[in-house]
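Student: Model the full assembly from the supplied sequences, consistent with the hints where possible.
The sequence shown lines up with residues 0 to 231 when you count with numbering that gives the first Met the number 0.
Keep in mind the hints are simulated off the structure, nothing from the lab.
Just to be clear, a hint being listed does not mean it is correct.
[Said to hold, decoys possible] Within a straight-line C-alpha distance of at most 25 Å, the following computed DSS-like cross-link-like pairs (lysine-lysine) qualify:
#, residue 1, residue 2
1, Lys138, Lys157
2, Lys157, Lys43
3, Lys93, Lys123
4, Lys43, Lys93
5, Lys161, Lys138
6, Lys123, Lys157
7, Lys227, Lys41
8, Lys138, Lys123
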Amino acid sequence: MPDSRPHSRRTFLLASSASMALTGLAMPLRANAKEAAVQLDKYKPVYFTPEEWSFVLAATARLIPSEGDGPGALEAHVPVFIDRELAGEYGSAKDWYMQGPHDPTASPDRGWQSPLNPAELYRKAIPAFNAWCESRWSKDFKSLTPEQQDEALTALQKGEAKLAPELSFFFATLLSNTKEGYFADPMYGGNYGMQAWSYIGFPGARAGFTEWVDQHNVKYPLGPVSIKGERA
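Tutor: Printed below as a string of structure tokens:
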């Protein structure tokens, strides 16, 4: 599980954004981009049930906590991004090859190794993980203390929270989707107000910033711009 200490946040997020860009996971253009941004407490999930929504709020808040000098997952509306993603073509794996055989132990470069699409993965894994938490603490995940939630997520990451084989990479999917929602263009629901881009100094969809590419360790002086032309 990522180190959530405030002093490590910027290093972790910068490393995450770089690795996502290299693997093609950063800022996917998959979700419905027509929905206007709303306050998180007023957002009505389009895929998640109330119980699932509570879990995703709690889990993403521990993966990228609000403590520290940068925005957390909740401030960046990461749960909105994930909800809208799962309600769309990503959630249904519309363009994916989904035929078996599947090998949950295969390395990530072997592709998606589950008969479940991402939406089904969340739907089945959340109650299974909540059941594991209840067997350990007599509470579901959202009701645990932050320290217990960190312990539970670490167990999920390490495979110590025993889930069915087709659910075994739920943590990896949740973490990946959380990073994507944090760094995506705000028109897809996450990165609310371009807070994540502003925090790491990313220019966003500016038409040109080539003069800054080779200026290492020099702070970029301009705020980010979204695909729709919004400025932070």
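Student: Need the status of pair Lys123, Lys157: alpha-carbon distance at most 25 Å?
Tutor: holds (19 Å)
Student: Given the hint that Lys227 pairs with Lys41, test it: the Cα-Cα distance must not exceed 25 Å.
Tutor: holds (23 Å)
Student: Assess, step by step, whether the Cα of Lys138 is no farther than 25 Å from the Cα of Lys157, and give holds or violated.
Tutor: holds (21 Å)
Student: Under the criterion that the straight-line Cα-Cα distance not exceed 25 Å, is the pair Lys93, Lys123 satisfied?
Tutor: Holds, because 19 Å separates the two Cα atoms, which is no more than 25 Å.
Student: Given the hint that Lys157 pairs with Lys43, test it: the Cα-Cα distance must not exceed 25 Å.
Tutor: violated (32 Å)
Student: Mind checking the alpha carbons of Lys43 and Lys93 for me, to see if they're no more than 25 Å apart?
Tutor: With a Cα-Cα distance of about 24 Å, the restraint between Lys43 and Lys93 holds, given a limit of 25 Å.
Student: Against the 25 Å threshold, does the CA-CA distance of Lys161 and Lys138 hold or violate the hint?
Tutor: Holds, because 17 Å separates the two Cα atoms, which is no more than 25 Å.
Student: For Lys138 and Lys123, compute the direct alpha-carbon distance and say whether it is at most 25 Å.
Tutor: OK: Lys138 and Lys123 at ~18 Å, within 25 Å.
In terms of the numbered hints stated before, the structure departs from hint 2 and from no other.
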